[in-house]
Amino acid sequence: MSYAGGGVPVLEVRGVTKAFGEREVLRGIDLTVGEHRAVALIGASGSGKSTLLRCIDLLEEVDDGDVFLDGETITDPAVEPVAVRRRLGLVFQAYNLFPHMTALQNVVLGEMRAHGIGRGEAEERGRALLARFGLAGREDDRPDELSGGQQQRVAIARAFSGRPRALLLDEVTSALDPELVGEVLAAVRDLKAEGMTMVIATHEMSFAREVADEVAFLHDGRIFEQGPPEQVLSEPKQPETKRFLARLLEAGRI
Amino acid sequence: MASTALVLGGLAAWVLTSPGWPVVRETFFSWTVFRDSFPEVLEGFWLDVKLFIVVEAVVLLVGLAIALVRTSRAPALFPLRLLGTAYVDLFRGFPTIILVVLVGFGVPALRLEGLPTDPIVLGGIALTLSYSAYVAEVYRAGIASVHRGQRDAALAIGLSDRQATRHVILPQAVRRVAPPLLNDFVALQKDVALVSILGPLEAFRIAQIVEAETFNFTPLIAAALLYLAVTIPLARVVDRIGGGPEGAVR
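As they're listed, the protein sequences go chains A and B.
The first sequence: position 114 = 114 (my numbering), numbered continuously.
The second sequence: position 23 = 23 (my numbering), numbered continuously.
Hints listed in this document are in silico derivations from the structure and should not be mistaken for laboratory results.
One or more of the hints may lead you astray.
Partial chain A-side listing against chain B, Cβ under 7 angstroms, derived [said to hold, decoys possible]:
| # | residue |
| --- | --- |
| 1 | Asp57 |
| 2 | Leu59 |
| 3 | Val82 |
| 4 | Arg85 |
| 5 | Phe98 |
| 6 | His100 |
| 7 | Ala114 |
| 8 | Gly162 |
Cβ-Cβ distance ranges computed for the label pairs, FRET-style [what the hints assert, rightly or not]:
| # | chain 1 | residue 1 | chain 2 | residue 2 | range |
| --- | --- | --- | --- | --- | --- |
| 9 | B | Ala229 | A | Ala128 | 52 to 58 angstroms |
| 10 | B | Asp36 | A | Arg119 | 55 to 61 angstroms |
| 11 | B | Asp239 | A | Ala78 | 49 to 55 angstroms |
| 12 | A | Glu121 | B | Asp239 | 40 to 46 angstroms |
| 13 | A | Asp76 | B | Leu77 | 19 to 25 angstroms |
| 14 | B | Leu80 | A | Asp63 | 26 to 32 angstroms |
| 15 | A | Glu61 | B | Val58 | 37 to 43 angstroms |
| 16 | A | Ala128 | B | Lys50 | 48 to 54 angstroms |
| 17 | B | Leu201 | A | Glu121 | 54 to 60 angstroms |
We treat Cβ as the ideally placed atom computed from N, Cα and C, and that holds for glycine.
Just need the whole structure built from these sequences, with the hints factored in.
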């Protein structure tokens, strides 16, 4: 299986650049994510992983280049960003749950307000989703009554509730205590198994190896290397990738 | 505890044994004057309460509208944002009492058709102008205190900017600023007495009239007690809301 192909492209990123003031964060990103495929974005903090995901979800405006979702140029100024975001899901590193709402309310808000689903149906689906991610019985708990791992699973259920075409995961385990990482990764694995198209920014190399069909190494705002996990993580071609992996090894992160 | 009681007891003894105390007791704390003036003062106080409720409701809406304009980032709203800033600078900068006089005597002097001439309405407008500016700033602080990730998350699930504000940002912002907001309620509740300058017979004005007739200040004490009867329960509400988990900043 060729790493660039693998089904119809759901997401395509072409020549995307993004600068915050003088600081160039993305310097020309090209990336294709085929349907049912998971692409892991790896790279040091500050390499642009989060910014890339935010650009895809139109939370940041790209300076140059284009993003396509199912062939449509979503970065076109004429495209309504709200409609695009309804077709994508984004999970944040810090969960970003709504603290004034229960777990169930967090999950159904988008269904009801963005997708116009009635309360009864939305809640039924929301309960099923929470149960699926091991949160049956916690529907009425507020975020501050849940552990970090539970909060992140609620956040995943929330992002998934709008039946997105693709899920964008932004270092979803980085804020968690080590013993809680497993349960969140299990939720992602579960979504992968059902064929969810995903872009996963992560520091968990073993997880990238296990779940991702492809790994893309971001460095200095560019994708330096992209390919199947076993190739990029075990036999990297680029010196920058080798250096990054060596540093992770030193830090005991692999 | 014991030392506090000692200090307070000493202070009380010091006042009660002062040479002027019998006169002060008679002119400030006369039971007969209190009994005779209380119904009248109470009647005036109802006007204060009604005015307070109406002004407060309008202030909450106007203040919110100004805060929303000032915190919006849409380039098209730039002129409105500027106007909002000017409004707050202007009306928060004025002493409320000057505003009451300017509006209360200035607007009728224009002799324009359709403008209100009722001093209660004019006084209410002056109080609204002043307090909206304060309350707008309280709301604005609350909106600014909600983490930016909350709006991101709301947008990410497909909400529009307006829906994100309404369902995610405002509920959190208002909960956080409920104590300072209620604090402004208490201040407004008292400042309603400023309308007396324009002549309406509210509690303070009536108390002053009775005082002038009887040469006795007790009616003012009666008015003060009525204000306390409203502001102290309000303060307890502030405490309760401020102490709840919802008010806690995460």
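Q: Grab the minimum C-beta distance from A/Asp57 to chain B and call the hint holds if it beats 7 angstroms, violated otherwise.
A: holds (6 angstroms)
Q.
Given A/Val82 as an interface hint, is its Cβ closer than 7 angstroms to any Cβ of chain B?
A. holds (5 angstroms)
Q. That 52 to 58 angstroms hint for B/Ala229 and A/Ala128 (C-beta), does it hold up?
A. holds (53 angstroms)
Q. Can the hint on A/Ala114 be confirmed by a CB-to-CB distance to chain B that is less than 7 angstroms?
A. Where the cut-off is 7 angstroms and the nearest Cβ of chain B is about 3 angstroms from A/Ala114, the hint holds.
Q. Do the numbers back the hint for A/His100, that is, is its least Cβ distance to chain B under 7 angstroms?
A. holds (5 angstroms)
Q. Has the hinted range 37 to 43 angstroms been met by the Cβ atoms of A/Glu61 and B/Val58?
A. holds (39 angstroms)
Q: Kindly confirm whether 49 to 55 angstroms is satisfied by the beta carbon distance between B/Asp239 and A/Ala78.
A: Since the Cβ atoms of B/Asp239 and A/Ala78 sit about 53 angstroms apart, the hinted range of 49 to 55 angstroms holds.
Q.
Does the beta carbon distance between A/Glu121 and B/Asp239 stay inside 40 to 46 angstroms, or does it fall outside?
A. The hint (40 to 46 angstroms, Cβ to Cβ) holds, given that A/Glu121 and B/Asp239 are roughly 42 angstroms apart.
(Q) Looking only at beta-carbon atoms, does the pair B/Leu201, A/Glu121 fall within the given range of 54 to 60 angstroms? (A) holds (59 angstroms)
Q | Consistency of beta-carbon spacing, B/Leu77 to A/Asp76, with hint 19 to 25 angstroms | A | Since the Cβ atoms of A/Asp76 and B/Leu77 sit about 24 angstroms apart, the hinted range of 19 to 25 angstroms holds.
Q.
The hint says 26 to 32 angstroms between B/Leu80 and A/Asp63; measuring C-beta to C-beta, is that right?
A. holds (28 angstroms)
**Q.** Proposed interface contact between A/Arg85 and chain B, which counts if any beta carbon pair is under 7 angstroms
**A.** holds (5 angstroms)
Consistency note: the structure conflicts with none of the earlier hints.
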